[in-house]
Amino acid sequence: MPSEQTPRPAGDGRRLPRIRVPRYLAAALGMLAGLGAYVVHISNAFSYLSDDPAACVNCHIMGSYYASHAHSSHKGAATCNDCHVPHTGVFAKYAFKARDGLYHASVFTLRGEPQAMMIKEAGANVVQANCVRCHGRLNEIVAPGAPVTLAGKLHGEGHLCWDCHRDVPHGTVRSISSAPDAIVPYPESAMPAWLRAARGESPSPLPR
Amino acid sequence: MKKRPLPGWLVFAASLVVTFALGLLASSIMERRAEALQVNTPLAAIKPFESRNSAWGDAYPRQYGTLRDTRDMSFTPPVVGAHGLDALGENPRQVILWAGYAFAKDYNHPRGHAYAVEDVRNTLRTGAPMKLGEGPQPASCWVCKSPDVPRLMNELGIDEFYKRKWSDLGGEVTNHIGCADCHDPKTMKLSITRPHLAIGYKAATGRDISTASHQEMRTLACAQCHVEYYFDKTAVPGGQVVTLPWKHGFTVEAAEKYYDEAGFTDFVNPISKAPIIKAQHPDYELWQMGIHGQRGVSCADCHMPYTTDGSQKFSSHHVQSPLADPGKSCQVCHRQNAGELLRNVTERQTKIADMLARIEQQLVHAHFEAKAAWDAGATGDEMKPVLQLIRQSQWRWDFVAASHGASFHAPLECARILDDGLARAGEARLALARILARHGQLDPVALPDLSTKEKAQSHLGLDIASERAAKAEFIRTVVPQWLRQARENGTLDENAL
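These protein sequences, in sequence, are chains C and A. Per the working numbering, the first sequence starts with residue 1, numbered consecutively. Per the working numbering, the second sequence starts with residue 1, numbered consecutively.
It should be emphasised that the hints constitute simulated quantities derived from the structure, not laboratory data. All values derive from a computational prediction rather than experimental measurement. For every residue, glycine included, the Cβ atom is placed at its ideal position computed from N, Cα and C. Where hints are given, some of them may not hold.
To be verified - Between beta-carbon pairs, the in silico distance windows are:
#, chain 1, residue 1, chain 2, residue 2, range
1, C, L154, A, D69, 29 to 39 Å
2, A, H214, C, L138, 37 to 47 Å
3, C, T109, A, I158, 46 to 56 Å
4, C, I119, A, E488, 41 to 51 Å
5, C, M118, A, E347, 50 to 60 Å
6, A, P61, C, H41, 30 to 40 Å
7, C, A151, A, E347, 39 to 49 Å
8, A, H214, C, A33, 35 to 45 Å
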């Protein structure tokens with residue numbers, strides 16, 4: 001049978017770029033990419049680009065912190081990111097978020113989380129700077145002078161805002177089990193809603 | 001490719017490893033997402049008065065698993081308690097203070113709830129009863145050791161229970177402190193299973209204990225045992241009823257007034273002839289006098305901290321010193337670092353421990369000076385006020401010493417009690433110096449060599465070696481009979497052995 005194929009002209013836009021990759025390698029890379037995309041999907045990875053506090057409860061151990069924030073005076077005024085990541089520039093913000101996030105995700109994956117989480121030095125300095133960022137006028141009166149850091153405080157150079165405002169915003173009793181039954185927007189099922197519906201299941205496994 | 005197979009295999013291996021790792025990560029993410037949705041449902045039904053802890057464990061595996069962890073004695077609190085160690089050996093002065101009482105024979109540092117039955121069988125204080133009805137102790141000694149006790153009180157009746165000897169019930173009481181001691185088997189609500197607490201609480205506060213809130217119950221469940229008590233021999237003829245001396249309140253003075261009014265004395269110290277009250281771990285009383293108690297922090301808040309298994313919140317039933325893991329208890333409220341919190345606790349405890357040692361030293365002198373006074377010909381009338389001062393001083397010392405945690409729970413109250421006790425020991429010694437002088441003895445009274453427990457015990461004429469031999473024989477022959485009896489009754493917890 002004579003071949004019907006005619007060579008397509010080079011540079012045809014509908015044609016995939018010609019990269020010389022052995023088929024088995026392409027298959028392996030394809031599997032990796034697929035599995036990678038699945039991990040991105042189930043971990044809600046894109047949510048981390050946003051400032052939505054719901055992104056933080058992708059890990060359920062953040063539930064009681066989400067709940068205490070949601071019932072605090074800061075709820076309408078500040079998101080998690082307003083306090084917990086630096087606002088000195090887009091690069092600083094995402095670099096800090098990525099570093100903190102990877103650390104958190106690693107500890108959570110390895111089940112290394114403590115009952116009462118304690119803020120670390122870098123985080124404390126960021127939160128303190130953010131208190132001053134929003135409450136600047138107040139701080140001109142009550143805390144003039146150089147900005148306070150955790151290291152500075154430990155050397156007796158001033159106090160951090162929450163040394164006195166101990167309950168802001170998460171309350172005085174804090175642990176990952178302090179509010180286990182709070183209604184918190186945990187991630188939806190990883191199964192698409194149409195598939196759950198096709199199986200006769202409710203669209204979401206969580207009470208809303 | 002056929003010519004160069006190596007890069008191909010490397011790509012294969014690398015993608016295998018990466019895929020495997022990504023798969024693990026994916027399943028971990030899914031697992032962590034799924035556990036947020038789990039609901040805590042009991043997995044089995046529990047019979048009324050079920051004393052086998054593992055039967056409850058079938059329904060509540062997390063709580064039971066942590067209760068089993070009370071066997072773990074690997075953590076030693078820095079100041080209070082060197083687990084499993086011989087407390088008399090560490091501090092032989094106690095042998096003199098408790099002379100004439102079983103505590104002078106054997107007294108150990110406390111161990112976890114899982115050892116409750118084992119330890120009371122093993123101590124020399126319970127003797128070596130080879131037959132039913134033998135031995136020095138009443139059934140009252142079982143009261144705080146086991147969930148078999150509420151079962152037996154229900155079967156025998158409370159009065160009848162208290163008429164038995166300790167050895168009568170050895171085949172019945174085999175399960176260590178556990179579920180049925182504190183929980184209702186149907187609703188899991190905290191419940192009071194020991195009559196003495198309900199009676200004592202009513203006498204002290206005027207309140208019916210059934211009106212206590214859940215947060216109060218998170219302390220009162222522990223107060224069933226962690227209180228000052230004595231065996232009242234007058235309430236039930238032939239019985240020794242565990243009774244709390246709370247009619248006048250919870251303070252050391254209120255309990256002393258109760259005992260004085262009742263004319264109660266645990267034992268007479270044969271050295272000084274002073275009538276002594278032995279204090280029994282007044283933990284609940286002293287906890288109330290510290291800042292945590294006054295702010296409503298319960299026993300369970302620190303000693304059974306909330307913990308999570310996945311996202312399931314439950315109370316750890318691994319009751320132990322919170323210092324083993326300050327991150328679970330202290331730091332939930334206190335944002336200081338763990339090292340600083342630990343220093344704050346040990347500083348308070350060390351200071352109280354120093355005061356205890358000072359008053360012990362004074363009391364040991366007082367007992368021997370009283371003996372010297374009797375030997376020099378002092379009369380009962382001369383000695384009576386002195387012996388009363390020794391009783392009062394030693395009661396104050398013991399009240400603090402016996403409550404292991406009090407030096408942290410209520411350090412100021414402990415210091416106040418010890419200060420008063422030290423002053424009374426000083427008054428006693430001053431009076432003794434006068435009596436001795438009156439009878440012609442001006443030289444200081446020398447103490448015997450009390451540098452070890454063995455020397456102190458042999459000074460009292462105690463034959464510990466033969467008591468140990470009898471105990472070993474008892475453990476070899478009688479305890480297996482008890483276990484056999486429990487197995488036949490179906491009350492032995494085979495799964496917990």
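Review point. Against the structure shown, which of the earlier numbered hints fail to hold, in ascending order?
Key: Violated: hints 4, 5, 7 and 8.
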